[in-house]
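full-length UniProt numbering numbers the first residue of the sequence shown as 1 and each following residue consecutively.
Bear in mind the hints are in silico, worked out from the structure with no lab data behind them.
It is possible that some hints are incorrect.
Unchecked claim - Ranges of calculated distance between the beta carbons of each label pair, as one might list FRET restraints:
1) Ala83 - Leu112: 18 to 24 angstroms
2) Gly184 - Pro32: 31 to 37 angstroms
3) Arg156 - Arg119: 31 to 37 angstroms
4) Pro37 - Leu112: 17 to 23 angstroms
5) Ile5 - Ala179: 19 to 25 angstroms
6) Gln168 - Ile5: 43 to 49 angstroms
7) Asp86 - Thr42: 26 to 32 angstroms
8) Ile5 - Pro32: 21 to 27 angstroms
9) Gly184 - His121: 19 to 25 angstroms
10) Pro32 - Asp133: 20 to 26 angstroms
11) Leu112 - Arg135: 30 to 36 angstroms
12) Val132 - Ile5: 29 to 35 angstroms
All figures in this text were calculated on a predicted structure; none of them were measured in a lab.
Where a beta carbon is used, it is the ideal one built from N, C-alpha and C, also for glycine.
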Amino acid sequence: MIRYILPLALFMGLAALLWQPLGRAPSALPSPLVNQPVPAFTLATLPDDPPATAATTPNTSFSPAQLHGRVWMLNVWASWCAACRDEHPLLVDLSRSRQLPIVGLNYQDDPLRGQAWLRQHGNPYQVTAQDVDGRAGMELGVYGVPETFVIDKQGRIRLRHAGPITPQVLQQSLLPLIAELERG
């Protein structure tokens with residue numbers, strides 16, 4: 001009888017340990033970069049219109065240093081991300097209603113699919129950086145898409161939200177923080 005109880009007890013203990021993190025909301029995952037400078041990176045930008053050929057792709061780039069002195073948001077998204085589609089109308093409305101720069105980070109995505117997705121759903125981004133290999137996302141500590149970061153005028157990450165932005169998150173977390181940072 002004991003030989004059955006011991007394996008059962010071990011299994012139950014292991015199951016309890018593995019189950020605990022599953023109950024956590026993704027947005028509750030801590031980020032060591034909060035109150036730290038945005039990692040320095042320079043990425044090619046996603047052109048607004050598809051190029052006729054790869055040779056005609058404009059050679060423009062984005063670096064977080066370009067927005068130093070302004071409060072801004074960085075939204076990590078991908079055309080293959082279903083949750084990104086859920087939050088996207090809020091981002092479009094936010095970009096129309098506020099003078100807040102929103103930068104898109106097209107994460108591990110095909111640039112042509114990203115362009116097509118923005119044409120279909122609307123483009124809330126002042127600029128969209130291409131993170132095809134995911135290195136910038138790794139530097140930011142991205143767990144998955146979508147994720148949104150609020151960056152202050154000094155270039156420090158002040159908030160990281162993992163998961164889609166909801167009207168509640170927008171009204172209770174993002175907009176009050178943005179207003180506070182813009183005043184200060």
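Cross-check of the supplied hints:
For the pair alanine 83 and leucine 112, the beta carbons lie near 22 angstroms from each other, so the given range of 18 to 24 angstroms is met. Distance hint check: the CB atoms of glycine 184 and proline 32 are about 23 angstroms apart, inconsistent with the given range 31 to 37 angstroms. At roughly 33 angstroms, the beta-carbon separation of arginine 156 and arginine 119 lies within the given 31 to 37 angstroms, and the hint holds. Evaluation of the 17 to 23 angstroms hint for proline 37 and leucine 112 yields a failure: the beta carbon distance comes to about 32 angstroms.
Distance hint for isoleucine 5 and alanine 179: a CB-CB separation of about 59 angstroms, inconsistent with the stated range 19 to 25 angstroms. For the hinted restraint 43 to 49 angstroms between glutamine 168 and isoleucine 5, the CB-CB distance of approximately 46 angstroms keeps it satisfied. For the hinted restraint 26 to 32 angstroms between aspartate 86 and threonine 42, the CB-CB distance of approximately 30 angstroms keeps it satisfied. Taking the beta carbon of each, isoleucine 5 and proline 32 are about 42 angstroms apart, not inside 21 to 27 angstroms as hinted.
Remark: the range hint 19 to 25 angstroms for glycine 184 to histidine 121 is contradicted by a beta-carbon distance near 33 angstroms. Roughly 22 angstroms separates the CB atoms of proline 32 and aspartate 133, a value that falls within the hinted 20 to 26 angstroms. Leucine 112 and arginine 135 have their C-beta atoms about 20 angstroms apart, which leaves the hinted 30 to 36 angstroms range violated. Checked against the given bound of 29 to 35 angstroms, the beta carbons of valine 132 and isoleucine 5, roughly 53 angstroms apart, lie outside it.
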